[in-house]
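S.K.: Going down the list, the protein sequences come from chains A and B. Letter by letter, the first sequence follows residues 1 to 86 in the numbering used here. Letter by letter, the second sequence follows residues 1001 to 1228 in the numbering used here.
Simulated from the structure, these hints should not be mistaken for lab results. Keep in mind that the hints are not guaranteed to be accurate.
Straight-line distance between alpha carbons at most 27 Å, and here's what the computed DSSO-like set of lysine-lysine pairs gives [stated by the list, open to error]:
1) B:LYS1153 x A:LYS20
2) A:LYS65 x A:LYS83
3) B:LYS1216 x B:LYS1040
4) A:LYS20 x B:LYS1109
5) B:LYS1040 x B:LYS1220
6) B:LYS1109 x A:LYS50
Source: prediction; values computed, not measured.
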Amino acid sequence: MARISQTIDVARAQILVTLKPSLLDSAGRTVASSLQNLGFTEVGEVRVGKLIEIELAEFSEARVKEMCEKLLANPVIERFEIKEIV
Amino acid sequence: MKVAVLRFPGSNCDQDAFFALTEDMGIDAAYVWHEETSLKGFDGVFVPGGFSYGDYLRCGAMASRSNVMQEVVRFAADGGPVLGACNGFQILCEAGLLPGALLLNEQQKFVCQDVFLKTETRRSPWTSEAADIVRIPIAHGEGRYVVEPEDLKRMEDRAQIAFRYVNASGTVDAESNPNGSVDGIAGVLNEAGNVLGLMPHPERATRTMLGGTDGKGILKGFELVMAK
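Use the sequences and the hints to build the structure in full.
M.R.: As structure tokens, then:
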């Protein structure tokens, strides 16, 4: 397996995966109820997503998009956003 | 006639499946490790429940990309019978063999209980021998079936809804839906009818001592498809 050294040359991609807004987020609902129990009465709906960071030899949005489509996100239930971290 | 019982790191219903098939159904079976690249010599595939790859990323996501699942996709395309129960259902959806996906239960709890299912179609060997009302155990935390409305319509038109959660008298109602699945859907077929995925465990309902035998009608599908 290729190892990427922790040098200044390393590129990083950050991917935010979230459940489609039309779908009920059970985990988010539990977190909302917990926050309200802690006294944060201003809390309304909460939605929980996933943040994935990937080290890359070089950043290519097209390649990262392919990774999302092939494994990191499920288009049936999720949406994703890609960012390059500099 | 031989069924491949797949094994992933984290599978935990593989032995139940093997036992039910060989001891209670009289069907020959063998375990197949996820790294295998061939299903040669097998006439059916059982994708068992459990927590494959620790359910990392999404339930079934990693397993669906394994070596053996790529073979299962080819096997299914050739009309081979494939059954996925619980995590196996999640894996088949993630592999694109079945429409939709499974999410965290609506009530945020792991549910482990017997449920009633209504057999919704008879067009597939997987459902042709099942009882009208099937009593069967479920045990899952992520069994809420979701699918896009337009896909659901198409599935209904093509009789791809195999089973719905119902009450004891066979009516779909909110109280009998254990996880918030859309339209009470518990199991679905692919378009061709040779692939079935369901959240309940037919392999845990094959003898009276286990609480019931209604799972046998579903497992019989292996024989029926293979005989075709």
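S.K.: Compare the structure with each hint and give your call.
M.R.: Cross-check of the supplied hints:
no.	hint	result
1	B:LYS1153 x A:LYS20	holds, 19 Å
2	A:LYS65 x A:LYS83	holds, 11 Å
3	B:LYS1216 x B:LYS1040	holds, 26 Å
4	A:LYS20 x B:LYS1109	holds, 21 Å
5	B:LYS1040 x B:LYS1220	holds, 22 Å
6	B:LYS1109 x A:LYS50	holds, 21 Å
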